[in-house]
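**Student:** Given next are the chains, with one letter for each unit.
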Amino acid sequence: MKITVGIDGQIDEPGLIKLASLGADEFFCGVLPKEWYDIYGSSASTGRRTWMLEHYDDWNKLKKAISVIHSLKKKIIVAFNALSYYEEQYPLLLNFVKISYELGVDALIVSDMELLFRILELNYKIDIHISSESGTYNTATAALFASLGAKRIIFPRHMTIEEMRGIIAGNKNLEYECFIMEQRCPFDGAYCTPVHGWLKSSFCQEDFKRTLHKHLGNERVTVVSPDEYIKWKDNRNLYEIWAMGVNSYDSILMPRDYDIMQCGLCSIKKLAEIGITSLKISSRGFSLQSALSVQLIGKVLRNADFSEAYCKSVRANPGICDMKYMCYYR
Amino acid sequence: MPVSGESYMPGSKAINNVRKLFAEILSPLLEAGSRFIRMYFGVEFCQHLIPTLDELKSVLAIADEKKLDITLVTPYVTDEGLLSLSKLFEYLEKRTKKTEVVVNDFGVLKLLHDNYPHLKPIYGRLMNKMTRMPRFAKQLPQGIKPGQLKAYQRCSLLLPLYKKFLLSMGVERLEFDIVSQGIKMDFSNSQFRASFYYPWTYITTGRVCEIGAMNLSPEKKFDLEASCRRECQQYYVHLFEEECGCTGNCEHKTAASKYIFQKGNTIFMLCEAPQPVIKNLFLQGFDRIVYEPCFPI
Chain Y
1 MKITVGIDGQ
11 IDEPGLIKLA
21 SLGADEFFCG
31 VLPKEWYDIY
41 GSSASTGRRT
51 WMLEHYDDWN
61 KLKKAISVIH
71 SLKKKIIVAF
81 NALSYYEEQY
91 PLLLNFVKIS
101 YELGVDALIV
111 SDMELLFRIL
121 ELNYKIDIHI
131 SSESGTYNTA
141 TAALFASLGA
151 KRIIFPRHMT
161 IEEMRGIIAG
171 NKNLEYECFI
181 MEQRCPFDGA
191 YCTPVHGWLK
201 SSFCQEDFKR
211 TLHKHLGNER
221 VTVVSPDEYI
231 KWKDNRNLYE
241 IWAMGVNSYD
251 SILMPRDYDI
261 MQCGLCSIKK
271 LAEIGITSLK
281 ISSRGFSLQS
291 ALSVQLIGKV
301 LRNADFSEAY
311 CKSVRANPGI
321 CDMKYMCYYR
Chain W
1001 MPVSGESYMP
1011 GSKAINNVRK
1021 LFAEILSPLL
1031 EAGSRFIRMY
1041 FGVEFCQHLI
1051 PTLDELKSVL
1061 AIADEKKLDI
1071 TLVTPYVTDE
1081 GLLSLSKLFE
1091 YLEKRTKKTE
1101 VVVNDFGVLK
1111 LLHDNYPHLK
1121 PIYGRLMNKM
1131 TRMPRFAKQL
1141 PQGIKPGQLK
1151 AYQRCSLLLP
1161 LYKKFLLSMG
1171 VERLEFDIVS
1181 QGIKMDFSNS
1191 QFRASFYYPW
1201 TYITTGRVCE
1211 IGAMNLSPEK
1221 KFDLEASCRR
1231 ECQQYYVHLF
1241 EEECGCTGNC
1251 EHKTAASKYI
1261 FQKGNTIFML
1271 CEAPQPVIKN
1281 LFLQGFDRIV
1291 YEPCFPI
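Taken in sequence, the protein lines are chains Y and W.
Take 1 as the starting number for the first sequence in the numbering used here and just add one per residue.
Take 1001 as the starting number for the second sequence in the numbering used here and just add one per residue.
It is possible that part of the hints are untrue.
Unchecked claim - Taking lysine to aspartate or glutamate and the DMTMM-like style, the derived pairs with C-alpha atoms no more than 20 Å apart in a straight line are: (1) Y/K200 to W/E1241; (2) Y/K214 to W/D1054; (3) W/K1164 to Y/E206; (4) W/K1150 to Y/E206; (5) Y/K231 to W/E1231; (6) W/K1164 to Y/E87; (7) W/K1138 to Y/E206.
These aren't lab readings, by the way, just hints derived from the structure by calculation.
It should be emphasised that the depicted structure is a prediction, and the values quoted were computed from it without experimental measurement.
Please take these sequences and the hints and turn them into a complete structure.
**Tutor:** Okay, here's the thing in structure tokens:
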């Protein structure tokens, strides 16, 4: 199994060498050059990530990173996985694809169908990976993308191992990547429409006030009983831990947990058995902290001890493992 | 127990006024004699709510009695959901009348295309990736770049290769939400017809359902494999920010919608678009309104 780690312009050559030495096999990143930023800002980005620090904003820096990564015999993938683009964006966008290709990028991550078809028309010898943001939740979707020329499917964040097993068994000619560490969104990326930006935090992390009511049908609503309210409020408190609301992670995470966040260490064996070929560390924007995740996965793979007890000891915060709310897979 | 229209329940007024919204905003724009001609049945957001074949048959009987056409609405699905949908498709395929199916999943679109030529796919609003931001409801952010705004007002559905693909898959209708920043797309000569949903704009959705975990033990909560008790059919949550006196740094608070609701696994915003906005949509080629008298879940 390969370890695929998200990087950005913050990481330097020694940082890349360190990640590779810890076991990273592939690196993926986004690009947000000035000429794009000047017109579309970062919230209508070239990809799904919308903070400047999550990208490479300088082609020379990316060129250098590609050279380092290739010298280490590792691969580099560039994500152009915004959910949608409009016509006026295409000249710049396709120019960025062309530059990436000419710089020797090994694969592109794509979500939008128009972009997928336009890249295919270019006949570049480059692999296409279908983004987790495309929503491959079933066998038929994977078959469709396979028929269009995709090399790899990146599974969405919220899938069970059994669901992925079925899809892989039904489409054996593809590579499959799934999330293993860091940055699990509460909602489904393919169907989440607010942009990150324009608010203090992402929409899903906004600290809204909330009230619970009962819907009796049509326009009839009413209040809930105190018991229902208490049950909901208790559930809400636990959901905030699951969704890693700011208050919860500031309370229960140890400093090293911030560098790992959600995790699937103890599922690695099962993921290998079903045919997952790459484990994704979703660390764009946090490339300087990603070494710990790579190190922990590498340790589990090298020791070939996939037991829950061992993985728990590697994660080193048994309390959050027992809670199960930071697990990618249960 | 007090029911309906209680002003102390924040947000309830909005729900109480959906029909009024229809009567005051939408109705005057419709041609005299316009009537409901079609019933949308099913669910867009959760495969646990896919209707059974018996439920579908009951609704088809009602539709026939009321002389309404029927559109089956489907969510994004895993293989388990595909199986549930296939049972409904098998039945609908045999009907004399060609039935519309709203698809919100590439796999469902492929399934229809490959196996059910008698069913007519409609490209649902979840396949439409336009930005939906409650924060834009009353005012766009200061400092928004013209290019950014254009990107928010458009999506890729009418671009040539995507369009060719959709037409090859039998899609002739695309569906939209009304979004606060406006839709700058024209369907008049696009080869597609277009619908918009009114007045509930969906914002985001996810397979992990907060309210669906309410009656589960802590170890089963928020687990994809756990079964809910369909709490979404009972409760809703109103999300709001408290007003503040600040007029500078809190621009987003005054600009944001006050009518954001979570029902089940999905967050919706009540559309507050004034009449001219909707009138313009008709001029842009929208020829179907999917009216939702209550939460679409």
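**Student:** Could you work out which earlier hints the structure fails to respect and list their numbers in ascending sequence?
**Tutor:** Per hint list: 2, 3 and 4 violated.
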